[in-house]
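Chains as they are written, first to last, in this note's numbering: chain A, 233 to 717; chain B, 233 to 717; chain C, 15 to 461; chain D, 15 to 461.
Keep in mind that the hints are not guaranteed to be accurate.
[As the list claims (entries may be wrong)] List of simulated lysine-lysine pairs, DSS-like, C-alpha gap at most 25 Å:
(1) 412/C with 538/B
(2) 443/D with 596/A
(3) 70/C with 534/B
Hints listed in this document are in silico derivations from the structure and should not be mistaken for laboratory results.
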Amino acid sequence: MKKLEKLIFEKSVQGSGTYRVSTSNSGAIINEIPDNLKRQDFDFPEVPENEVMRHFLKLSRLNFCVDEGFYPLGSCTMKYNPKINERVASLEGFNELHPLVPMDKCQGSLRLMYELSDYLKEILGMDSVSLQPVAGASGEMTGLKIIREYHKVKGNLHKKIIIMPDSAHGTNPASAMMAGFEVREVKSNDRGGVDIENLKSVIDDNVAGFMVTNPNTLGLYDENIEEIAALFHEKDALLYYDGANFNAIMGKVKPGDMGFDIVHLNLHKTFATPHGGGGPGAGPVGVKSKLSNFLPVPVISKKDNKYILDYSLQNSIGKVHAFYGNFAVLIKAYTYIRMLGKDGLRKSSEYAVLNANYIMERLKDKYSVPYKRTCMHEFVISAKKIKKETGISAMDIAKALLDKGYHAPTMYFPLIVEEALMIEPTETETLTTLDEFCQAMIEIYNMCYNNAEEMHSMPKNTPITRVDDVKAARNPKINYYKAKL
Amino acid sequence: MKKLEKLIFEKSVQGSGTYRVSTSNSGAIINEIPDNLKRQDFDFPEVPENEVMRHFLKLSRLNFCVDEGFYPLGSCTMKYNPKINERVASLEGFNELHPLVPMDKCQGSLRLMYELSDYLKEILGMDSVSLQPVAGASGEMTGLKIIREYHKVKGNLHKKIIIMPDSAHGTNPASAMMAGFEVREVKSNDRGGVDIENLKSVIDDNVAGFMVTNPNTLGLYDENIEEIAALFHEKDALLYYDGANFNAIMGKVKPGDMGFDIVHLNLHKTFATPHGGGGPGAGPVGVKSKLSNFLPVPVISKKDNKYILDYSLQNSIGKVHAFYGNFAVLIKAYTYIRMLGKDGLRKSSEYAVLNANYIMERLKDKYSVPYKRTCMHEFVISAKKIKKETGISAMDIAKALLDKGYHAPTMYFPLIVEEALMIEPTETETLTTLDEFCQAMIEIYNMCYNNAEEMHSMPKNTPITRVDDVKAARNPKINYYKAKL
Amino acid sequence: MGFYPHSADDVRKMVEKLRINNVDELFSSINKKKLNPEINLPEPLTENEAFEELKKLANMNFSDMICFTGAGSYDHYVPAIVDEISGRSEFYTAYTPYQAEVSQGTLQTIYEFQSMICALTGMEVSNASMYDGASALAESIIVAMNQKKKSNIVLIPENINPDYVKVIYTYIAGLDINVVRVPINKNGLLDINFLKNYQNIGQVGALVVQNPNFFGLMETQIDEIIKFKQENSIMLIGVVNPITLPVFKTAPDIDYDILTGEAQPLGMYRSFGGPYIGFIATKEKYLRKLPGRIVGMTDDTEGNRCFVLTLQAREQHIRRDKATSNICSNQALCATRAAVFMSVLGKQGMKELAFVNIQKARELMEILLKKGFELKYNGTFFNEFVVYCKNAADIHEKLLKKGIMLGIKLEDSSFLNMKDCLLICATEKSSLKNFEKLEKALDEVTI
Amino acid sequence: MGFYPHSADDVRKMVEKLRINNVDELFSSINKKKLNPEINLPEPLTENEAFEELKKLANMNFSDMICFTGAGSYDHYVPAIVDEISGRSEFYTAYTPYQAEVSQGTLQTIYEFQSMICALTGMEVSNASMYDGASALAESIIVAMNQKKKSNIVLIPENINPDYVKVIYTYIAGLDINVVRVPINKNGLLDINFLKNYQNIGQVGALVVQNPNFFGLMETQIDEIIKFKQENSIMLIGVVNPITLPVFKTAPDIDYDILTGEAQPLGMYRSFGGPYIGFIATKEKYLRKLPGRIVGMTDDTEGNRCFVLTLQAREQHIRRDKATSNICSNQALCATRAAVFMSVLGKQGMKELAFVNIQKARELMEILLKKGFELKYNGTFFNEFVVYCKNAADIHEKLLKKGIMLGIKLEDSSFLNMKDCLLICATEKSSLKNFEKLEKALDEVTI
Ligand SMILES: Cc1ncc(COP(=O)(O)O)c(C=O)c1O
Ligand SMILES: Cc1ncc(COP(=O)(O)O)c(C=O)c1O
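Same shape as in the complex, but just chain A (with noise of 0.2 Å):
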């Protein structure tokens, strides 16, 4: 039987709202608005405060999470949320501070941002941060406007090409075209990293910088970083590193020291803050010393022993976000980074690496491995063998997963492997988790060759079955209201 749940206006009746914001009789204030700016009567549900609460937790249950079981969502990082990470964050003292508060009512959040952005430039090698984009992609945007303006001043205006490799991010070409550059793909070579020659024959002084992830979308880590950096610096190219997969290396190596110029990093996926469903996240920008003029405002800054709003930086981009970022999201990874010290960090990023290697190593038997080495926190397997001798996609085998408890891993991404999943374990797992996890890869793996029909069926035990993504996009019905207009 399939549990589910009536829409909020399905639970209307006129009348029958319980919930009021004014125990006196407040309408009457409505003459006092003239007339030819009122509005008529309007649409919009009535339900008593019991109901709705019985509505959002139905809701909620038809829902997977990280808190009810493994979630190996390649590239997203869905680790533990600490607890104590929402108490400190709804304290009144944060929650219920205005942003435009004089700076010296500030203090604390201040200071707890300062605090931050040091601990981020230390993990990342750089020597400024702004703690303003709220995003992967608004922290990818951040710094492409960062390069964009930074050979602006230095009068280098025909530099509007992006190099990137072809495993790249969709967000990373996105906020490229965004920040008005065009795109230069990259090929990768057979060991999943940038190919040097394909990468000499796309270079030109046209160049404005490299984005790139390392370890990259393969979860493989650029052992030529270091060469392919110089390249682009001959150029006087930027080279941008998208920390979307920063797990792997927390306190293992800097991107600084790789030879990054910039970096975002999600702190919703490697500093623990929830996920929330697609946000809110945080995608602070570090900066090397020649960018730091750069950054959005207001930084943080330390003037005569008081945290100030540093609005003074001379090239700023100006600022992605009305005010300082989603700072209750700061607030959680403050105090994940505060609570694991360095050799926490360091010890997460090892043993996140730890289990993809275990996991890689239990299926590669079963499922092709495309390049075949040591990963870093995430792997991509392929399933165009099993595809080709069963008809059972990369898709099938996600809803199998489904079916048995799991959360689906990371489908056809990176475009570069055909039928790819990718999945990461994170740190957080027990390895009873990750041997329950390969033991069902693999009679999954089994099922496709014994019982492909129901493979194709799956999942079963979902509150929903598979979705008909045709008809939504063909038809789209997205406003309950839109019948009436």
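Fit chains B, C and D with the ligands to the known structure of chain A by using the hints.
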């Protein structure tokens, strides 16, 4: 597929707990403990925080709760628990307060208790209130100890009998026993009230008191209550009001006006504090002025514009709780009363009674209603006829309701109705919910006659099917580590 | 603002269905003269207004005092996961798990609570919870005395929590149980000689030992106590602080018949005294004598392992005036909190918790000795201890003005002869910073 | 304290399985010289210690000031149910709902959010959320300008939130979009004559109108603006505060092409500026031009109604450098909060909220006028308004010392020519008590 969850002990792996209470090497202190006082190693789970979270999250989902759906559990008043109550009860100013701070350091808590006592006095028609009892039964014992002490002070040591109706809740006789009384039952008449003739025949000078709910456990209001009160008062016996059913009459009539001398309330029923899966509750006791001096100490008094913990009651029965009762529960009831005010409380009872009568009206053709009267906030139906005709018991009907997504009514209580099902909707349910429930009850009725076999095997959609009570009691397994002892 | 959702139209429909004219007709059994009485209550509030009112009250409390006070209520850190889990609707808005098919969450959690209480205490069985430590002890005494029908004396040392004693007196009033107080010796421990020489020994049904006792001291005369109890066939009731148990000897090394106590330290806030949670653990042979709920393991009709409220034949709703107790609603959500607390700390965390408490109490003691206080009793203590100095009451008062509560004055807690004695407590939350503040404040007030 | 659970034994097993000697062998691709660098971080903390540290920081903020300040961040009461629901693990620890089969909770909630945003705004379609009001406006401008390929001018009045303008400039840097600022008239509204007389009209792709504008004023020249936009085929972008909409005219009465804004007032704390949540609603014909996630209704293979992320062909992971935006993670949990907020207030509550805000702002205005301030602009305002008096900056400063923040100085917010003007805000949380405190404080500082 049943979604059961392993035991926390089965998830334990030696050395895998992640929680740290100390970052330093605190173990050295053990050397300061004399060897003969030291314990050897002991069994205990070792589970990382991530898995602890998942464990209890999954367990939680095996529960039905009032935030999930309709809970017509008679005598339990499972109304909606407003979320604001949880918020205010967790304010640091309340929950981080040590109970033994000097009185000038806890004026907020004392004032809250003082005012809550005042409100309850008003609502009950009583002269003094103690907030110390922590549940209904705790309130009962308190009240009965007061009765005992009252007679003792008067030198009436022979007054050793408490009379109560045969429909009384089990805690009533048990509480009487704990206060050193003997119980004598009075029969119910054919209107479900106290049989006055029978009462006259059991009443004598040895009677210390009378204990009853009104509306009683049949959900029926005894219109003879004032006459009954007079009969007891003639014998200098005291009248005790079990407030479990108070949700019927908030703001409609005061127990003090009916003639009662002592009342307890279940704040975890009538006053919307959550039941917690079996507590904590609160069972304040109110008394008429002649008994004020007998209340547990401390009570809250006001002196020189300060609130004080007043230990000065001359004939106090002592203490029933180490401190002042379940303070955090009191906060919630206080907030509830403040939000609703007089009219809100009165309307709550009116709607509670309306809802019960509405369901009774809709079901009375199918299920037999033993007392054909207007009910109050709840009513009892009997499956006796159904059982005779189909073999389906009240238990089977209750279990079938579970399968339809409702909590079961109270079963087999009160004892004077065969195959009893006691239904209490409360005021917080919508008409839609009531109608759907009636529909479900009618479907179940039809099923009794059309598909009796199926009825015996209910529930099926619940996390588990019916349990083997007998096995549990015959060979009790109540400690996982037991086998190892 | 109320929580009853019917629209005027709903009410109209329902009233029609019932063939009445208005809702008050449903209340016609009530004496007209008493119906709809005046009730003097403040005006109703919106949620926002209620929140402001309650915040105002909360802020009138001095909850942020530095508080070196235990005496039955302890300032331990509550891991965030405890609030998170006990704050889930599924736990806190459920009723007592009468319907096992839809209550496995609470039932399994309580089973785990019971098992962990057994593991900590070293006893064989435990119930599902009691109202608090005091009532748990009072009910334990009743259980024990019911085992020894011919005896009517319970021996209770003077070093037991005085509030517990008050609750005991209330509970046993009207029952055939008499309390005899056992004096304490110069070490603050019970006077073993009193026991040995006690005349009415034939009348004695039970002996209570609090360990650590109210003064924070661990009982060192355990061997003699065991000998005494075994020789005289007396029930031995222990009252313990559960967080001491990872370090200190317990059953079965100590032959307790009943081990009871307050589990507030396992994840309950101090909360001005409640809700807390009592526990009672005992030997299997007394299982059917326990008060309160008990959860047991069994199977469902499909053979799935599951849990259920069991041994209900002991309880009030079945046995009525012959029940082991009148307890019905207990403190299930507190047991849930304790279960999460114990699970997340785990074996290592529980040990560390005990270690750190011992450590901190010693650090605090050092400070006080340095500042001129003296230890009242020598002996092994856990996280509480008694100090004295000649103007302790005065110092206590002055420190309060500086936002520090240096324990309680024992004189105020029924120990009238312990003038100038303070009962002091440290926990893992007693930070270095607070110790420093205390030192500084002491310097200021003692000049 | 860390969150990686492997025991030493687990690690040994795994390392063996991988046939390596130690974990660092897995990092052999990294330049040895760069491996395991020094990192200067504070010592690790336990949960308790971390909590104390963070509480210390929180307490260094003056969050309990009486704050009559809006300017893009509003002090509205957040119903407890909003925290309770968004605090459920199922919502906050889920990822973006890529796997619809196990994400119906988030998907349906977002669908409901979209629908309620449409209902409030009067628009036909809405997306799932944007980072904040500023970036939502910036992206709206890009959408609009992409519709008018031959135009490269966007008209932005001077009365728009200045921080939004800064974000717009950052977003359009490098793109072929130019901003032309529309001056304001003496009523604080946009200068309609400027529009009528604007020379480069052929180049204009879009006009932005904030309503209420940064000064809190409702736009009264709507008819002329509509005429202007329709005659010149310009995209009209509205920026609104969603809580005004139950009272004030919106689409379709106003012919907005895009309606965007900040939904922080719908259940987000002020939280020092974030997380907040932008929304973008538009006409159906522009649906496929929207940035960000969109949830649509569809069926599963069994015909159950269900929800799914749809129209992904617009997005970066499919369209890459041709996408409508780079946005990927957005503010889903904030949308969840807004959905709960709107659901629980419901139609009546949302109306009351608007009414009370209007009422409170008028009460506050009266107080200020009485104390000698003057209104800078006459006009209809919602919950914000501008006052001036000759030593406003000084009064502002002195009130701060008394714990009252009387709005912001417009001079500080890029309005350099508005010396001695304060932008003031009242909400439903502005209590009588706080008004009285303000009056008293004003009396004291103005003597
Ligand atoms: C490699 C990579 N880059 C960038 C992003 C974008 O991050 P965000 O979703 O926080 O914008 C992701 C997120 O999935 C990613 O995996
Ligand atoms: C009529 C009646 N009396 C007393 C009680 C006992 O209340 P508590 O469970 O709070 O002890 C109940 C609870 O179910 C009840 O229904």
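Problem - List of violated hint numbers, smallest to largest - result: 2
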